[in-house]
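Participant: Chain by chain, the residues:
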Amino acid sequence: MSRPSTSTESTSNVSVSNAPDLEGWTRACDADRLVPERAVAALAPDGAQVAVVRTADGRLFAVGHHDPYALANVIARGVVGTRTVADETASEKTGQEATGQERVVDVIQSPLYKQAFDLATGEDVEDRSVSLGTWAVRERDGVIELGERTSEAGHPERTTR
Amino acid sequence: MSEQIEQARPRERVVVIGAGMVAHRFVEAMRSRDDAGRFDITVLGDEPRPPYDRVALTSYFTGRDPEDLNLGGAELWADPRVTLAKRTEVTDVDRNAKVVTTAKGVRHPYDHLVLATGSYAAVPPVKGNDLQGCFVYRTIDDVAALRGYVEELRAAHPERPVRGAVVGGGLLGLEAAGALQALGAESTVIEFAPRLMPLQVDDGGGQELRRLIDNLGVEVRTGTATQRVLAKRGRRVTGMEFADGEKIDVDVVVFATGVRPRDELARAAGLEVGERGGVVVDDRCRTSDESIHAIGEVACIQGRVWGLVAPGYTMAEIAADALLGGESSFPGADTSTKLKLLGVDVASFGDAFATTPGALEVVYSDSVTGSYKKLVVSDDAQTLLGGILVGDASAYAGLRPLVGRRLGADPSSFIVPAGAGEGAASSLELPDDAAVCSCNNVSAGQIRSAVDDGASNLADVKSCTKAGTSCGSCLPIVKKLFESHQEKAGIAVDRSLCEHIPMPRSELFNAIKVAGLATFSEIMERFGTGRGCDICKPTIANILASLGGGHILAGEQSTLQDSNDHVLANLQKDGTYSVVPRIPGGEITPDGLLVIAQVAKDFGLYTKITGGQRIDLFGARIDQLPAIWKRLVDAGFESGHAYGKSLRTVKSCVGQSWCRYGVQDSVRMAIDLELRYRGLRSPHKLKLGVSGCARECAEARGKDAGVIATENGWNLYVGGNGGATPKHAQLLAQDLSDAELITAIDRFFMYYVSTAERLQRTAPWLEELDGGIERLREVIFDDALGLCDDLDAMMTHHVGAYADEWREVLEDPEKLAQFTGFVNDATDADPDLLYVVEREQVRPATADDRARAAAGELDLVDSERRPVMVAGSTLEVRA
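Sequence lines, in order, name chains A and B.
Counting from 1, position 116 in the first sequence corresponds to residue 116 in this note's numbering; the numbering is continuous, with no gaps.
Counting from 1, position 446 in the second sequence corresponds to residue 446 in this note's numbering; the numbering is continuous, with no gaps.
Hints listed in this document are in silico derivations from the structure and should not be mistaken for laboratory results.
We put the CB at the ideal spot given by N, CA and C, even for glycine.
Misleading hints may appear alongside valid ones.
[Unchecked claim] Residues from chain A shown here face chain B by an in silico Cβ test under 10 Å; the list is partial:
| id | residue |
| --- | --- |
| 1 | Asp-106 |
| 2 | Gly-142 |
| 3 | Ile-144 |
| 4 | Thr-150 |
[To be verified] Pair by pair, the computed Cβ-Cβ distance ranges are:
| id | chain 1 | residue 1 | chain 2 | residue 2 | range |
| --- | --- | --- | --- | --- | --- |
| 5 | A | Glu-126 | B | Asp-634 | 40 to 50 Å |
| 6 | A | Arg-103 | B | Ser-463 | 57 to 67 Å |
| 7 | A | Glu-102 | B | Leu-594 | 19 to 29 Å |
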C-alpha cells in the first residue's frame with residue numbers, strides 16, 4: 001500500500017496560492033457554516049463522503065467520512081482535538097532510529113470506537129497503515145470548496161464490525 | 001526424572017468437615033498455593049448454603065440478601081479440584097480406614113482430614129429454654145427464624161410492640177439486641193456480669209457503653225441472672241423470671257451466652273480434646289492424629305479455643321501451609337476487635353485490661369459526647385500495650401498496629417478529642433512488620449510492596465493483599481499507607497484527566513465552580529493546555545451542564561459534546577441513531593403509545609423496550625432526527641436523555657394504586673423523582689428505582705438511588721448498579737417522608753456530581769469515599785461539611801433551569817442546521833445504509849448480508865426502507 005503523503009507535502013491545508021484550476025473543485029458549504037473544531041459531512045467531487053473541519057486556529061482539513069474500523073460513515077461526527085504522538089517522521093525518511101521526540105497533531109476521533117485520526121494525513125495515530133484518506137479543501141470568497149483526493153484510505157487487517 | 005515421579009503420584013484427597021468462614025479460607029489458601037495440583041478438596045457442610053460471613057450476620061436485618069453474605073466468588077466452588085457438599089452432616093470418622101461417613105451413608109475416603117466444624121451456640125440450662133420463642137444467634141437460619149417469629153407476632157399483635165430479651169450482654173448479645181431493634185421489637189439485654197461486654201471493655205468503658213445503649217432505647221440489666229423462661233399457656237414464651245424473683249413480660253428470648261466447640265466427632269474418633277473442649281492441636285494445627293488437622297473455633301491451640309475469626313484465618317493458612325510442606329506455626333492470636341453495636345463503636349486491642357506488670361493507663365472519658373478512650377502503656381509510658389475505645393473508635397485503625405511499639409509522643413495526645421488522636425497516630429511511620437489488617441494478617445510492609453509491585457489504586461491493594469476485605473476497620477490506615485508510600489516511592493500518581501488537563505475531574509469541577517468559569521476557552525486558558533480531545537472536551541461540557549450552563553448545544557459548548565450529546569441521540573453501529581422519549585415512571589397513556597408507534601412506523605424504525613424499561617426507536621438517520629422529534633414533542637414527549645451522562649430513568653413497580661401488596665404510591669414518587677432530576681448531567685449515567693413494598697419489584701437496589709416503600713415512608717438505598725460489575729445499593733436512611741427523601745437524594749446526587757471522577761458511577765465513588773456510607777450520612781443529614789445549603793442550591797437551580805433539550809433545538813434554526821446528512825447534498829441519505837428485514841423489523845446489514853445480497857440470496861432495504869437492487873458487487877437504490 002502506498003503511504004499517504006505527510007502533512008507538509010499535503011495540499012489539504014489552505015494553500016490558495018498554489019491551488020489548481022477552478023475546475024474540479026466542488027462547493028461544500030458557506031464558510032460560516034463551518035463551526036471551528038466541529039466537522040461537517042460533504043460529498044467530494046469524486047463522490048466520496050468526506051469530513052470537513054476547520055480547527056480553532058483557522059486551518060482547513062478534509063478526511064474520509066468512512067470509518068475503516070467500524071465500516072460506517074460517521075467520522076464527521078467525532079470530536080476534534082489534539083494528540084501528542086511520538087514523532088516517527090524522521091526515522092521513516094532517513095531510515096534512522098526514532099528520535100523519541102514528540103509532536104502534537106490535530107486529530108478527529110471516531111465516534112464509534114474512538115480511534116484518533118491525524119487530520120493532516122488521515123492516518124490512525126496508533127497504526128499509521130490505517131487511513132481515512134485526504135482531500136484538497138480551500139476557502140474561496142466565503143465558500144468552502146472540496147478538490148481532488150490527495151491520499152488513499154488504508155484499511156485495517158481486522159474491522160470491528 | 002523427579003518430574004515423572006511427581007506426575008505419577010496420584011492426587012491426594014483432602015476432606016474438610018465444616019463449611020464456615022475458616023473452612024472457606026483454608027480452601028482458598030490451598031487453591032491459590034497448590035500450583036502443582038496435588039490436592040483434591042471436598043468440603044462437607046451441614047448448612048444449606050456455601051460459606052458466608054457470619055460476622056456480618058446482623059446486616060441480614062437491614063435488608064441484605066443472604067447471598068450478599070456469601071464468601072468468595074462462585075469460581076472457587078466451580079473449581080474442578082473443589083467439591084462442596086451442602087446439607088451434609090458427617091456422622092463418623094474412621095481413622096484407621098481414613099474414611100468419613102455422612103448421615104446419608106456416603107463414604108468419603110481421605111488422605112488428609114481437616115476439622116473446621118466451628119462452634120454451636122451455648123444455651124444456658126435455665127428452665128423453659130426450649131419454649132417456642134427461644135432462639136440462638138449463630139447461623140443465617142437462626143436469624144431467619146427469629147425474624148419470621150417476630151414478624152408473625154407483630155402481625156398477630158399490631159396494637160403493641162413485640163417485646164424481646166437477649167440473655168448475654170457480650171458482643172453477640174448486643175448484636176442480637178440490635179437485630180431485634182431493626183425488626184421493630186423492644187429489647188432488653190440481660191447480663192450476668194456487672195458490665196456489658198465484660199471480655200472486651202473495662203468498668204469505665206462498660207459504663208459509657210451502657211449509657212450510650214440506654215439512650216438508644218435498649219434496656220440494660222447487668223448483674224442479673226436469668227432463672228427461667230415462662231409460658232402462661234401453651235408453649236409460647238410470655239415472660240422471664242430472674243434470680244431475684246422479678247418477672248418481666250417478653251415474647252422472644254435470644255440466648256447469646258457464648259459458643260462451645262463442636263468437637264463431638266473428634267471425641268468419638270478418640271482424638272485428644274482440651275479440658276474445656278476443643279480438639280487439641282500443636283502450633284502447626286495438627287491433632288494427635290497426624291493425618292488430621294483442626295482449625296478455627298473447634299481447635300484448642302496453645303491451650304485455648306479462640307472464638308474470633310482472625311485467629312481462625314491464621315490457622316487456616318497454617319494448615320494449608322503444612323499440607324503444602326511449609327513450616328509456619330501459630331504466632332498467637334490477636335484478640336483486637338472493633339465493632340459497631342447498635343450504632344455504637346467499640347474497640348478493644350492488645351492488653352486492654354492492663355495485665356502487664358507495671359502497665360499504666362491513660363484515660364479520657366467524656367459522658368457529654370459519649371466517648372471513653374483508654375490507652376494502656378508500659379511503665380515508662382513509652383510503649384503502647386493496648387487500649388479500649390467506646391463511642392468514638394476512629395483512632396483504632398491507627399493505634400492497633402502500634403501495639404508493642406514506642407509511641408514517640410505523649411500518650412494522651414492520641415486520645416484527646418477533635419480528631420487529634422487519629423492525626424497523631426497516623427502521622428507515625430508504621431514499621432514494615434506492623435500488622436495492619438488483623439483479619440487477614442497483612443502487614444504495613446505488604447501494603448508497601450503491593451504499591452511497589454504496581455498496585456495503582458486502593459481496590460488493587462485490597463485485591464492483591466486482601467487487606468481490609470473482611471471487617472474493613474483497617475481501611476483508613478490502609479489507604480493512608482497506600483497514599484504515603486506511593487508518594488514516597490516517587491510513583492507519580494497520574495491523576496490527570498488527559499494530556500490537556502493536568503487534574504482529575506473532581507478537582508476540575510471545583511476549580512471551574514470556584515473560578516466561576518463558563519466557557520471551554522477560559523477553562524483551557526486557566527487550567528489546561530492545547531485544544532482538548534475526546535476526553536476533556538465532553539468532560540468539561542458535562543461539568544458546565546452540571547453547573548447549569550444552559551443548552552448543551554449553545555455556542556462553543558456545542559463543539560465539546562461527545563457525538564451522542566451533539567445530536568441528542570444514541571449512535572448505533574451503522575452510523576444511524578436511536579431515539580428514546582422520556583416516559584416518566586414508565587407510565588404512558590394508550591394515546592401516547594399510539595404516537596410513538598406511528599412515528600416508528602412512518603420512519604421504519606426498529607422498536608424495542610430497553611433494559612431500562614423504555615421504548616427505543618432505532619435506525620434514524622441524523623437528518624431524520626428533527627422530524628421525528630417534532631412529532632414527539634408536539635404530542636407532549638420530551639428528551640429521555642438516553643444519550644447523556646445524566647439521569648436516565650426512574651423504574652417503578654405499579655405500587656399501592658393497583659397492587660394488593662403496595663404500601664406507598666411508587667408510581668407517583670417515581671414520576672416526581674424523574675421530573676425532578678431529568679436532564680441533570682453527572683459523571684456517569686444515573687438510574688433510580690422506586691418499589692412500592694419490600695417485594696422490591698422495581699429492583700431499586702440495583703440503582704444509583706433506590707427507594708423502597710415502608711409502612712412509615714421510604715427507605716433510601718444508594719450506590720447500586722447493574723452492568724458488568726453489579727452492586728447492590730446500601731441503606732442510607734429509613735422511613736423518610738416524601739420531603740426528606742427528596743432532600744436526601746438531592747444532596748446525594750449533588751455531592752456525587754461535585755466530587756466523583758470521570759465515568760465513575762456512584763458505587764465505586766461511595767467505595768472510595770473516606771468513611772463510606774457513614775460519612776455520606778454525616779454529610780447529607782448532619783451537614784458535617786457545611787455543604788448542605790450549597791448542594792440544595794445547586795439542585796434548586798437545576799430544577800428551575802430545566803428545559804427540554806429537543807424542544808429548544810426544534811425552535812432554533814442554528815441548532816437545527818447541524819442535523820444534515822451532507823452539507824452539499826439535499827438528498828441527505830447515505831446510500832451505504834442497508835438493512836435486512838428480520839422478525840418483521842429492520843436491522844443493519846452485515847458484510848456477510850451484503851455479499852449474500854450481491855449473490856442474489858438475500859433482499860435488502862435502504863434507509864428509507866425501500867428495496868434495493870443489487871448489481872454485481874455494487875448496490876443501487878431502485879428508483
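Participant: Take the hints in turn and mark each one as holding or not.
Facilitator: So, going through the hints one by one against the coordinates:
Using the Cβ-Cβ criterion of 10 Å, the hint placing Asp-106 of chain A at the interface with chain B is satisfied: the shortest such distance is roughly 8 Å. Hint status for Gly-142 of chain A: violated, given a least beta-carbon distance of 14 Å to chain B, over 10 Å. A hinted interface residue such as Ile-144 of chain A counts as satisfied when its beta carbon comes closer than 10 Å to some beta carbon of chain B; here the least separation is about 8 Å, so the hint holds. Residue-level restraint check for Thr-150 of chain A is violated (minimum Cβ-Cβ distance to chain B is 19 Å; threshold 10 Å).
For the hinted restraint 40 to 50 Å between Glu-126 of chain A and Asp-634 of chain B, the CB-CB distance of approximately 46 Å keeps it satisfied. The hinted window of 57 to 67 Å between Arg-103 of chain A and Ser-463 of chain B is violated, with their beta carbons roughly 39 Å apart. Between Glu-102 of chain A and Leu-594 of chain B the Cβ separation comes to about 59 Å, which falls outside the hinted range of 19 to 29 Å.
Hint compliance for this structure: hints 2, 4, 6 and 7 are broken, all remaining hints hold.
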